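A.B. asks: Throughout the sequence shown, residue numbering follows the working numbering, covering 2 to 541 in sequence.
Think of the hints as simulated: they come from the structure by calculation, not from any bench.
Treat the numbers as computed from the prediction; the structure is a model and nothing was measured.
The beta-carbon is built from N, C-alpha and C at its ideal position, and this holds for glycine as well.
Treat the hints with caution; some may be incorrect.
Stated by the list, open to error - Pair ranges (Cβ atoms, derived):
{"no.": "1", "residue 1": "222", "residue 2": "139", "range": "46 to 56 angstroms"}
{"no.": "2", "residue 1": "247", "residue 2": "375", "range": "53 to 63 angstroms"}
{"no.": "3", "residue 1": "140", "residue 2": "373", "range": "20 to 30 angstroms"}
{"no.": "4", "residue 1": "140", "residue 2": "295", "range": "38 to 48 angstroms"}
{"no.": "5", "residue 1": "250", "residue 2": "157", "range": "52 to 62 angstroms"}
{"no.": "6", "residue 1": "140", "residue 2": "301", "range": "14 to 24 angstroms"}
{"no.": "7", "residue 1": "375", "residue 2": "506", "range": "22 to 32 angstroms"}
{"no.": "8", "residue 1": "517", "residue 2": "438", "range": "14 to 24 angstroms"}
{"no.": "9", "residue 1": "146", "residue 2": "348", "range": "50 to 60 angstroms"}
{"no.": "10", "residue 1": "284", "residue 2": "249", "range": "20 to 30 angstroms"}
{"no.": "11", "residue 1": "254", "residue 2": "438", "range": "38 to 48 angstroms"}
Unchecked claim - The list that follows gives simulated cross-link-like pairs (lysine-lysine, BS3-like), each with its CA atoms no further than 27 angstroms apart:
{"no.": "12", "residue 1": "224", "residue 2": "353"}
{"no.": "13", "residue 1": "74", "residue 2": "55"}
{"no.": "14", "residue 1": "439", "residue 2": "59"}
{"no.": "15", "residue 1": "74", "residue 2": "59"}
{"no.": "16", "residue 1": "438", "residue 2": "421"}
{"no.": "17", "residue 1": "439", "residue 2": "421"}
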Amino acid sequence: MISLAQNPPRLAEAVKVSSFDPGDTRPGEGAGGRDGQLFDLVADPGQDQVSPRKLIRKLEVAGLEARDPRLDKTLSLIRALEDEAADDPIPLDRDAFRRVIQPSSLLVERALLGNLAVPDFASFSADIERLFEATRANEGGEAASYIPQLGRVDPDLFGLGLCTVDGQRLSLGDAGVPFSVQSSSKPISYSLALEHHGEEGVHRHVGREPSGQSFNELALNSKGLPHNPMINAGAIMSAALIRPDLGVAERFEYVVDMWTRLSGGVAPGFDNATYLSERRTADRNFALGYFLRENGAFPEGTDLLEVLDFYFQCCSLQITARAFSVVAATLANGGVCPLTGEVVFGPETVQKCLSLMYSCGMYDFSGEWAFSVGLPAKSGVSGAIVVVVPNVMGLAVWSPRLDALGNSVRGVEFCQRLVKEFNFHNYDSLVGGAHGKKDPRRQDRRARQASVVDLCWAASEGDLPGLRVLVAEGANPNHADYDGRTPLHLAAAEGQVAVVSYLLGSGVDPAPLDRWGATPLDDALRAGHEDVVTALEEAS
């Protein structure tokens with residue numbers, strides 16, 4: 002969690018917040034305005050100073066962490082206030098508070114007001130930990146042994162990672178222990194193929210129906226194709242479709258880079274021992290590959306042995322439950338990584354991927370899973386289950402002991418407990434509150450994807466990362482508030498040239514009129530922001 006005791010390198014050039022010039026306060030801020038309201042939420046009653054540690058604790062309780070890249074600049078400013086010999090950093094007055102939160106103002110505001118995906122994250126975390134500990138008692142099943150390296154993993158390990166679509170995070174147990182992804186990589190491989198070839202190009206070579214047979218069965222559908230991308234034959238086909246224009250080394254680097262982007266910047270490892278072990282014991286996968294080639298399923302020019310080797314490499318990537326939960330949250334967020342705001346996958350890709358995870362992701366348990374759990378998921382024989390709660394969160398559970406169908410015993414039980422406690426099942430909304438389940442979702446009246454107020458405030462504060470996230474999530478940067486003021490008006494008036502350039506580059510109207518008939522250029526001229534004036538004149 003967030004801590005000032007981590008002692009990162011101090012920023013010699015950091016602004017000394019305690020000596021900010023009060024005259025630099027913008028109108029409507031400082032003692033009042035939106036920032037003032039946030040200050041009052043953190044400060045003790047009647048106090049005009051706030052301990053930075055208290056602000057950090059508030060963010061921590063909301064589910065945000067020090068490693069969250071969206072908070073880097075704010076936390077750097079706070080650390081710059083801390084005297085290396087002092088127990089506490091310098092308190093923040095109202096103006097200093099505003100300057101500290103400005104780089105991540107939108108995120109801090111949402112956290113303090115309880116407007117993140119799960120408003121009461123502390124209570125939700127306590128419930129999740131209770132379910133996790135109750136599941137730990139289950140010692141049934143055995144670790145996979147047909148791949149020797151998997152059979153050597155400590156069967157008692159048990160980890161859970163959780164990340165909401167707003168980047169709130171929870172890690173329990175052995176969430177930091179890396180494991181090989183195995184079949185839980187199949188949704189990502191399928192998505193990578195979709196990104197390059199599109200739906201028609203991919204499903205010319207692989208079906209999209211549950212097979213009704215074992216995941217490695219030597220069987221194809223009536224068209225001589227793999228039944229779906231979530232079984233071995235289909236995943237081998239996905240491997241053949243991932244950037245065939247690249248060389249062998251470049252294809253693997255591309256896959257690693259995409260996993261890194263999906264997880265918010267955490268690069269996966271590679272378990273070479275598992276890779277070698279898997280390749281040596283892969284008679285059935287080789288048989289599947291030759292069977293596919295015999296039936297003419299592969300694209301023309303496919304090198305079968307190269308594709309099989311690439312498939313084994315994709316299965317041998319290493320990740321932690323903690324990092325995998327961010328990958329799942331990126332899928333839950335329609336392809337936008339919650340920690341970076343980057344659009345990694347298009348929403349159409351995610352829709353198709355989640356559909357097949359829902360119907361085909363749990364081996365021969367897929368039908369029962371859809372019935373009783375009702376969430377898109379994918380399991381792997383390393384003991385991983387990655388689960389997506391669309392528009393809410395992603396989670397990854399890892400425990401090596403498997404049931405007879407190849408799914409993690411503890412992982413399945415935890416997810417069953419989860420949907421009994423919370424209304425996450427795909428069809429829980431049909432029965433409303435009749436089932437008595439908890440709903441941890443945010444209940445505020447504003448639609449997160451169309452908040453004009455958030456857009457305008459982020460623009461005026463120069464919070465470019467926050468603005469990018471809002472636009473990526475579907476908010477329209479051309480929309481105006483009740484005075485006809487658009488984000489471009491606010492950014493121009495405040496001299497936020499980087500935001501102005503971003504908005505203009507996003508194709509917004511460069512000359513909208515507010516209710517007084519003023520354009521963003523008028524605002525920039527009135528305030529004397531010459532660099533903004535230049536940018537707007539060039540765009541007109």
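A.B. asks: List in ascending order the numbers of the hints, as given earlier, that are violated by the structure.
C.D. replies: Hints 1, 2, 5, 6, 7, 8 and 9 are the ones this structure does not satisfy, whereas the remaining hints hold.
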